[in-house]
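**Q** Whole structure, please, built from the sequences with the hints as guidance.
This is what each chain is made of:
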Amino acid sequence: MASDAPRRLTVRTYDVGFGDCFLLTFHYARRERHVLIDFGSMSWPKPKTVKGKYALRIAEAIREDCGGKLHAVVATHRHQDHISGFERQKGRGPGEIIRSLAPEIVIQPWTEDPTAPTDATAPARRGFTNTLLGMQQVAGQVVQAAAGLRGERLRGLREQLSAIGMDNIANRDAVENLQTMAPNRYVYHGSNAGLGRLLPGVRTTVLGPPTVEQAASIGAQRRADADEFWHLSQVFWQRLAATGSASGAGARPLFPRHPTGRLPRSAGWYRYTAMQEQGESLMSIVRMLDKALNNTSVMLLFEVNDTVILFPGDAQYESWMHALGKPAIRARLARVNLYKVGHHGSLNATPKTLWRGFEQKGGARTARRLATLLSTQAGVHGEAERRTEVPRGSLLRALRDDSRLTNTQEFAPDELRRAITLEL
Amino acid sequence: MARRAPRSRRDLFDPVAQDVPTRSWTVLAQDPAILGPGGRALTTRVVVPAERLEAGPKGHRIHVIDFDATRDTYYKSRQAGPYDDPYEKVTDIERLVKDPWFHQQNVYAITMATLGEFQAALGRSVSWGFASPAHHLKVAPHAFADANAYYSRQSESLNFGYFTGRGAVTVFTCLSHDIVAHETAHALLDGLRGFFLRPSHVDQAAFHEGFADLVALFSVLGSPEWVELGLAGLAGRNGLIRSRDLTFDSLKGNVLFKLAKQFGREQSFVRGDALRHSVELEPSPVWLVHPSFQEPHTRGEILVAAVTRAFLEIWCRRLEPLGTDRGLPLNRAVVAEEAATAARQVLRVAIRALDYLPPVDLTFSDYLSALLTADLQLHPDDSRYRYRATLKASFESFGIPPANPRRRDGAWDPPDGADELRYEGLHLESLQSDPNTLFRFIWENGEALGVDRDAFTRVTAVRPCVRVSSDGMVLRETMVEYVQTMRVFARELAGLGIERPKGLSGQVFVPLYGGATLIFDQFGRVKFNIGTGVRSARQSARLQSLYERGAFNRGAGERAHFAGLHRQRMLGTKGHPEEQW
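Respectively, the protein sequence lines represent chains A and B.
The numbering used here applies: residue 1 is where the first sequence begins, and numbers increase by one.
The numbering used here applies: residue 1 is where the second sequence begins, and numbers increase by one.
Keep in mind the hints are simulated off the structure, nothing from the lab.
A portion of the hints provided could be inaccurate.
[Said to hold, decoys possible] Each computed DSS-like pair below joins lysine-lysine, with the alpha-carbon atoms no more than 25 Å apart:
1) A/K326 - B/K502
2) A/K361 - B/K502
3) A/K46 - A/K69
4) B/K252 - A/K352
In this text, all values refer to a predicted model and were calculated from it rather than measured experimentally.
**A** This is how it looks when you write it as structure tokens:
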């Protein structure tokens, strides 16, 4: 064992409902180092939130657990359920508390780099980041449009649209806090995480996100001409955002001088089905942008001696395949001892290739049995009958059967966080 | 003010001059971005039935409902003069773009004209493919605020979106001739071949897109005004084009490619760039197996490319006797008229081929054999412009041979065992109209027809038709379609000689489809038996293709099917079911 390596690792999982919030504490001989990975929720745990400002309670718990000092913050990606806890809310929000813990570095994906959109040397990259900006504008408009789907029959659609749309809205307050609370490091596959000085003896590898050039598949981009594709994609989302602005609540009529009136009785049925199809079309849009943002997740692999810890954010198939496609990385992933379950246990964020490769998974008697962390809340996303529910039933069974699972859904009513410790 | 007296039917058309009364209505030749000389609106007139109209317009097949789901607003339609065409002389494009009544007329007329083209090609009326039979297709010209347009079987409608384009200008998809024709083609194809919307081999999904693109493209090419615009750069001041500029490469690069680029660029989010891509796509069998062409919208471009290249060759060939074979220059209008004629003929055979396809599990090779058969039936002599030989060679250059390798011309063969078919007790009249009679025919001849006795069999269409060739030849046929269905657990596939996709659970319930199209001649005898069995060798490839596209994993419904497909055309997405939980 290297003399300056940590001897133990404590990982605290905070119950944030449908969101992620983890504190990694590396215990060295004479000191501790604290890394906060994500802090956000799109649905706080309801029985607990009635007691007051729950996000503040979590922030205070983090302050207590890290002894008033954070060394690093990782914001894996821009979704609400990963960064809403960083909101400052004019000095009264949980983000103010995190800021006061004076982290020395904030790690974010390259797509958050505010200079990326003006990077004229890489049109594909610029196109991608601009695409994300456009998508987030559209998300806000979808939330507005969802409210226009009136009637009990469209309620399910309205609620889902609103939930996914809200998750994708640009959270300016949290983003600005993250950008200014400490020097930022914008990472991509293979780049330096910038944690070497802060975490001696810990090898940190950035597995994702890949850049556009690294993985033509990210964001479903397949065309030979990436620049053209991203240019079109960027313009498409900009057009959609502009359309949403022009057509949202209080918008001018399409034909101001043209007579409008009551729909003929013979067209009443069409109106209902058209509204429903419009809702489903909006849903396909928000799902697309939801997936694109998930694929910008920072994926970190921490290795200390023979212990391997994997925090992949909400990365989905395209990002995963870029990492798993490299045999050397695949071999290291096989030795994972602790895995933060991707995307709250959704059907497509823990690729079966990854899961099958974990050598430490197995029954209760397995030596150094794989530990897994699942931060989730049922009933927010997906439908069981379509086998899209989150957490996905079959994945949950596999996690229970073949790993030592920490599941926030099983926390006691007054339990804010649960810690597990690994000897390194 | 004196109210104008309602007009009698006699006022609407001249029964002596027209045995089938029609009227011509003004529509945009392509879209508002394409202007004619002097910046004037480039319009054309299309022929629609002289039917009774209600406000909408609402005729006997189309009901234009100008309802905007985003704004929850209904725009009233023109009440006065429902039979007039007040836009015939309008040359100001701004006026047309700002007038929703013109938008309503544009979608009504293009949809009806496309329906008319199908009915003329097939020699019979065509129904819509809705779950409960209905005669009216709803058409919403301003359906929603989104860069999309689609056909929906569930809402029995064509829906055209609008969006904010460059310079905050509103772009209306209902004003793009090709987009309206494309969506109408989806609706018509669904009415003719309802099973083509079911999940199957990737060629089948690609066919829906590629075929709709073909209809859209050739509908526009059928307008000489538009082609003449494309030829403008080649013509001298005297309006003549040199013969050396009328070659395949010149027409491809200087005319089609130029026209493709002139399609309103803003609309490319909705329509894709099928014309441009198909012109650019060099013939090669590689595309069929290339990863980029395994999704429906891109794979459909192969089909468009094969037909478009054949069209270009035919166009050149039609110009030869007019002078290019002697090095003579040709008048631009004549060159455009020849293109429009060739386009209309190619479109007609492309549509007619639909009757010679298997009802399920279609491949591009099936479509080629259907094209060749459809044309051969009406035009046995192909020596003048060699349409069939050109189409066959063009498809083959993309690695698509005819599905029937036994005939040199690639057309379908008469059925094996035709002599063994039994017709006793079946009346000719019933064989041309009654599904129960046809089912009995299949029942009696199951073995000779290759019907699988373990599968559920259903006659899904009986369609008598009268087709007339351009030289006046009349062909009477009855097209009959039956579909077989067998549902098995994936674990049972091996017992049927079908490979189970690797990774697919044995517990998954898998539907297998088979069936055939039977073409009866005017004497009630089977001419063709074009089909595929539920246990055919194709099933392994079909199931693998379905599995890779996630068809067994998620209950993705058919609702808004084309909405998603068209969005994919722009942004591209792919499922990875083997990696999902």
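**Q** Taking the hints in turn, state whether each one holds.
**A** Consistency of the hints with the structure:
no. : hint            : result
1   : A/K326 - B/K502 : 23 Å, holds
2   : A/K361 - B/K502 : 23 Å, holds
3   : A/K46 - A/K69   : 29 Å, violated
4   : B/K252 - A/K352 : 48 Å, violated
Violated hints, listed in ascending order, are 3, 4; each of the other numbered hints is respected by the structure.
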